[in-house]
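Protein chains: 2
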Amino acid sequence: MPRFRLLIEYDGSSFHGWQIQPNQPTVQEALESALSTILRTDISVVGSGRTDTGVHARGQIAHFTTEGDADEPKLLRSLNGILPDAIAVLAVEQAPEDFHARYDARRRLYLYFVSSAPRALDRHRRWKLWPTPDFNCMNQAANELLGTHDFDSFCITQSETKNRVCTVERAIWLEDGRRNDWRFEIAADRFLHGMVRAIVGTLVEIGHGKRPVDDMTRIIAAQDRRCAGQAAPSHGLALERVEYPEPIFFQSKEAEPMMVSTQPIKN
Amino acid sequence: MPRFRLLIEYDGSSFHGWQIQPNQPTVQEALESALSTILRTDISVVGSGRTDTGVHARGQIAHFTTEGDADEPKLLRSLNGILPDAIAVLAVEQAPEDFHARYDARRRLYLYFVSSAPRALDRHRRWKLWPTPDFNCMNQAANELLGTHDFDSFCITQSETKNRVCTVERAIWLEDGRRNDWRFEIAADRFLHGMVRAIVGTLVEIGHGKRPVDDMTRIIAAQDRRCAGQAAPSHGLALERVEYPEPIFFQSKEAEPMMVSTQPIKN
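Keeping their order, the protein sequence lines are chains P and F. With my numbering as the guide, the letters of the first sequence map in order to residues 1 to 267. With my numbering as the guide, the letters of the second sequence map in order to residues 1001 to 1267.
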């Protein structure tokens, strides 16, 4: 059966996360409902991964299969016509029949936005930090995340899969356009539940001098969530991009939603 | 009496514009109320100009006078502590006693944000255009705005001051970071009521081929609002910066909220 994939942006503040839950608005439910209406058959949507309540996405990837053919440009217009405003499908294309949005994903990039100054227009996208933390210290500590480690100390779900090993390929704080605005970029092959927010919260505690700069190595080694810092709030976090062995949405003008950095992601 | 000036950002969607109105939340009212509480005396705030309902600001300037002295850093913290989240005071400094936020302003820069692709996260800040207009045509037409003209055709208030002459020093569409996102930058010594939105709406009609590219000259000459296009929606518009004969907020890290363009504003 023909398989299609979607490039999706959403405002996490409008949803109880990606994954379908009874009696709660979720992104997955909204997409399945819209696709089922348009294609006149029950459609299941598989995402590259879950995002929690309040977490945004600019480059979520999902796939679905359908019996009939679908005219992609028409489907794209129809979807955006009936989806809630807080979800935008940026592109749709036919995929190989064995493409799997979750299992085939090789790398995910998350961005976490903060500001150490008052902000009105970006307040739903940035965590307000006060006082200004020491971003040099935070980058020194973030370096300790690079490589392959058991990230048990940054996982909030105790019942999740036993394998907590992730390979972090990028972890860096960068200035984000405006003075006093910064973003944290973190890329890994996989992320555990609550991992980015726990890492960001811990790094900010280091930046505020509440923990020594070399604490990160100790926390990773402890394999105990209680050793890490408090989770950063969800509204600062966004899933920016998911990468696969082959380039996807190659012909789409939206394939690269944003130049995230001049520095390449480490391989 | 000591005079102070404020650099202010606000989310226009939360207010019925800048100017105080009975029984409606306005930015001016929120500032006056917060300052009066902090300084324990009635404070009047004078802005560089009004913004309409729904219009945002990243660099609004206002002044007020108060009898006593004020500790600027402490005042800044107190203000942001009690103001609604949708207003952020970015900086406060003492000004010369004859400084006037409105009469002394020499140049205002407005930005208007559009997108020709579906957007979820920026949907409260960008006007969605469909189909994609021809931005080259729009820039050709925008060029006709440059210089000193009577802008009666772009003023919605018939009862406003009789002088409708403005000098437009910059009027250009630029790509805005992400593919399919554009912004219009327009700078002038003064703006009439509804002027930017009427100009943007007219330019988009030109970009959609509903009007000839050289229509702008004819519209300006007509001095009749009915000749111009429909006003663009307010949520895409933001007051970016107000300039004075002397640099202000020179010592503040927020003095230049953002590099708006690599092209200098014409003098």
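Among the hints, a few may not be true.
Claimed, not checked - Here chain P is said to cover these stretches of chain F; the calculated rule only asks that three of the stretch's residues, wherever they fall, bring their Cβ under 8 Å from a Cβ of chain P: (1) 1003 to 1013; (2) 1058 to 1068; (3) 1116 to 1127.
Unchecked claim - Here are the computed lysine-lysine pairs in the DSSO-like style, where the Cα-Cα straight-line distance is at most 30 Å: (4) P:Lys74 <-> F:Lys1074; (5) F:Lys1074 <-> F:Lys1128; (6) F:Lys1074 <-> P:Lys210; (7) P:Lys128 <-> F:Lys1162; (8) P:Lys128 <-> P:Lys210; (9) P:Lys74 <-> F:Lys1210.
By construction, these hints were calculated from the structure, which means they are not laboratory data. Beta carbons: idealized from backbone N, C-alpha and C, even for Gly.
Checklist entry - Which of the numbered hints above does this structure break? => result 2, 4, 5 and 7
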